[in-house]
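Knowing the structure of chain C, use the given hints to seat chain Y on it.
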Amino acid sequence: MRIVLIGFGTVGQSLARILTNDRDWLVKNYGFEPQVTAIADSRGSCRDDNGLKLDLALKVKEKYGSVQKYPGNSERKTNTHQIISGTEAEVVIETTPSNFENGEPGLSNIKESLSARRHVVTANKGPLALAMPALLELANHTRMQLRFSATVGAGTPFLNFASKCLPGEKILGIHGILNGTTNYILTRMDEASLSYQKALAEAQEKGYAEKNPDNDVKGLDTAAKIVIIANWVLKRRISINELEITGIQNLGPKRILTAKKSGARIKLMGRLTDSRATVKPEEVPADNPVCVPGNLNAVAFSTEHIGDVTLIGRGAGGEETASAIIRDLVDIRSEYSI
Amino acid sequence: MKFGGSSLANAAKIRNAARVVERFSPENRIVVVASAMDDTTDRLVELGELARRGESARASKILSRIQKLHTKTAQATSSRKESKELLDRIDRLNKELEKTVQGISHLRELTPRSRDYLLSFGERLSTPILAAAIRSLGLKTQALTGAEAGISSDERFGEANPLAEVSYHEMRRRLDPILARNEIPVVTGFIAATVEGSITTLGRGGSDYTASLLGAALNTNEIWIWTDVDGLMTADPKIVKDARVLAKVSFGEALELSYFGAKMMHPRAMQPAAQRKIPVRIRNSSKPSLEGTLVSSAETPNGGRVVKAVSIIRSVGIVTVSGTGMIGSPGAAAKVFTALGSSNVNVMMISQGSSEATISCVVARKDVDNAVRALQLALLGQGLVDNVVAERDACIIAVVGSGMKGTPGVAARIFGAVARKKINVRIVAQGSSEYNVSFVVSEREGPEAVRVIHDEFQLGRKP
Chain C
11 MRIVLIGFGT VGQSLARILT NDRDWLVKNY GFEPQVTAIA DSRGSCRDDN
61 GLKLDLALKV KEKYGSVQKY PGNSERKTNT HQIISGTEAE VVIETTPSNF
111 ENGEPGLSNI KESLSARRHV VTANKGPLAL AMPALLELAN HTRMQLRFSA
161 TVGAGTPFLN FASKCLPGEK ILGIHGILNG TTNYILTRMD EASLSYQKAL
211 AEAQEKGYAE KNPDNDVKGL DTAAKIVIIA NWVLKRRISI NELEITGIQN
261 LGPKRILTAK KSGARIKLMG RLTDSRATVK PEEVPADNPV CVPGNLNAVA
311 FSTEHIGDVT LIGRGAGGEE TASAIIRDLV DIRSEYSI
Chain Y
19 MKFGGSSLAN AAKIRNAARV VERFSPENRI VVVASAMDDT TDRLVELGEL
69 ARRGESARAS KILSRIQKLH TKTAQATSSR KESKELLDRI DRLNKELEKT
119 VQGISHLREL TPRSRDYLLS FGERLSTPIL AAAIRSLGLK TQALTGAEAG
169 ISSDERFGEA NPLAEVSYHE MRRRLDPILA RNEIPVVTGF IAATVEGSIT
219 TLGRGGSDYT ASLLGAALNT NEIWIWTDVD GLMTADPKIV KDARVLAKVS
269 FGEALELSYF GAKMMHPRAM QPAAQRKIPV RIRNSSKPSL EGTLVSSAET
319 PNGGRVVKAV SIIRSVGIVT VSGTGMIGSP GAAAKVFTAL GSSNVNVMMI
369 SQGSSEATIS CVVARKDVDN AVRALQLALL GQGLVDNVVA ERDACIIAVV
419 GSGMKGTPGV AARIFGAVAR KKINVRIVAQ GSSEYNVSFV VSEREGPEAV
469 RVIHDEFQLG RKP
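Chains C and Y are the protein sequences, given in the same order. The opening residue of the first sequence carries number 11 in my numbering; numbering runs sequentially from there. The opening residue of the second sequence carries number 19 in my numbering; numbering runs sequentially from there.
Please note that the accuracy of each hint is not assured.
Dumping the calculated DSSO-like pairs for lysine-lysine here, alpha-carbon to alpha-carbon at most 30 Å [as the list claims (entries may be wrong)]:
(1) Y:Lys102 x C:Lys245
(2) Y:Lys90 x Y:Lys102
(3) C:Lys79 x C:Lys208
(4) Y:Lys295 x C:Lys180
These are computed hints drawn from the structure, not numbers from a lab. As the structure is a computational prediction, the values presented were derived from the model and not from experiment.
One chain only, chain C, in its complex shape (with noise of 0.2 Å):
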């Protein structure tokens, strides 16, 4: 299967080593054999029509900073247009960086690919939170696949779970835990006594918060994921602008302690129910199933006949989104079987 790769940030990178490295147990195992023809980052591209070499394009990046120094066919610029319609692919994979202002590029990166008729993979949040009701109606018009697993929970299959594990039972409701870096924060402000700046500066530190934290410590992140189990598993057709969201940059020492001495923690929740979709910091009692520390994630799915299914894992990293990306491709290779 042809792939074009737009975006070469962590998960574009983890996703090249991985299909590298675990190339012949993917051709083996599910008959899939990835060939990426064309890969554009921020400042350039690369294409070869027979398959680039990807432990080169690894290596040119770390070098250069960008594929544009990849030997042969590539250029300066990213033209992602050209790139999209002019690239022989079966599939494009979307990870630039989210944009919750007005989802771009990756909005018209998804529209683009999907008017060509290529299946598309995304990593990015932004165009779904922003104009997720339209952009499946595309991809059903177009009859092509939209795939979104590394979305929501990274390599945990929270979405998977709700539509292919719970198919007839009737879901009333949905919360939890969806933002690694936030869930950090606040476990740090709890049991070292940070405050929130400190606690902020050390997840930082180690690399689970961005140098600019707003679009997880704000709610966005957490909204966004709310956003899309919303219209995927509830078939709710809302995008984020309708959403109440605060986030937990306000938020003081005080107000842990005061959780924290009822045996409840605070936590960034996002919820929805019926009539209301939510991102807020909540207190929740330490006992709680969805009451997880660090940076994991928990979503507990409210049902009609079995009560709450709680699902915990790892929800952000490099290497966990590229395997719910490659779990996406190995669904939409599937397809091509007859």
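Using the frame of chain C, we list chain Y on its own:
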């Protein structure tokens, strides 16, 4: 707000439409949708057919009439400042139209796709003219095609289905900034584009559909359809002297009324507005001070009267198949409707007695002969049907009102009133929505039936 072809029929009407926009612009943010001028769409259909058949003399006559109409109207409606740019644009479009027609006559081929492209000129020509006329009054406008406004559709050329969510998203993305600059977007009705960018037309419902989609996308307070009637009426004023305009009806009622011939949006066009609960107002563009009829999701009482309106569909006929062989024979009805369907006869009403010996279908009078022939060929001589008979002298009377739902005795009042006038009722049908009761009487007695029902429910009295 959307202006229909009759509201844009000539220079004077276009200037009037522009003044209507101006009148409401201070208190509202407005998006305008324009139909093609007058009957331009029909002319373009004709033009396409002539070109395909290679009748170039007649084709070029129609072509030049269309070109002249738009050039002259553009000259007459825009201020001197606007006219140069506008005339250039009209000129370019006229040339493009000419090339399109040449292409069709060279190839002698008019595919649904090229037909849509040809038809799109109606709105593409009228829209910049209306936009310039509004600009001439000192307002800021921007003329856009359906595609430029973000309406995308599937590839069913001739009657394309919009990709609603994709369109909603794109329309907001493209129109919000224009509205934020206090400019009035003037959008071509009727036309959209596939995701690849080929022009499509929305078919039935046309420009109203565009207006409804725009209203739903931008979550407007209301959608106004400017036309040449005062609104939806309790009955045809030519038949009933004291017929009056209905101030409010529900989407459900409007749906029934539109089916029964009221000058109203096509049900298909109403759907986006109804789904997002955006009220639609039908107004008269030459009397903008009138409020018209508001169609909304609210069920509004009509001063205690369960009926809102009574309408008539003339020129229909009844086709009846009968045969003792049909009794207890599964699939007999299916055969009847398959035969009618495959000869493109639209069935308006159906009646079958529980004895099953006859099935009667009400069809448009122009279809009666076709229907009879199709049924005879398909069904006679198989022991199922003995006889196919047609009656040409009939009309349908439809009584509409959501208050009929769950109110006993409405049918009794309707048929009691009709019976007192000794009018013979041939076929009766009530939809399971209970929003309408319809029945068939002879064409001659139709107007009288409308009048007695209008009187019986005192529809002429103000609520």
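Each hint tested on the structure:
About 52 Å separates the Cα atoms of Lys102 of chain Y and Lys245 of chain C, which puts this hinted pair outside 30 Å; it is violated. Taking the CA atoms of Lys90 of chain Y and Lys102 of chain Y, the gap is about 13 Å. The hint holds against a cut of 30 Å. For the hint pairing Lys79 of chain C with Lys208 of chain C, the CA-to-CA distance comes to about 40 Å; that exceeds 30 Å, so the pair is violated. Among the hinted pairs, Lys295 of chain Y with Lys180 of chain C is consistent with the structure: their alpha-carbon atoms are about 27 Å apart, no more than 30 Å.
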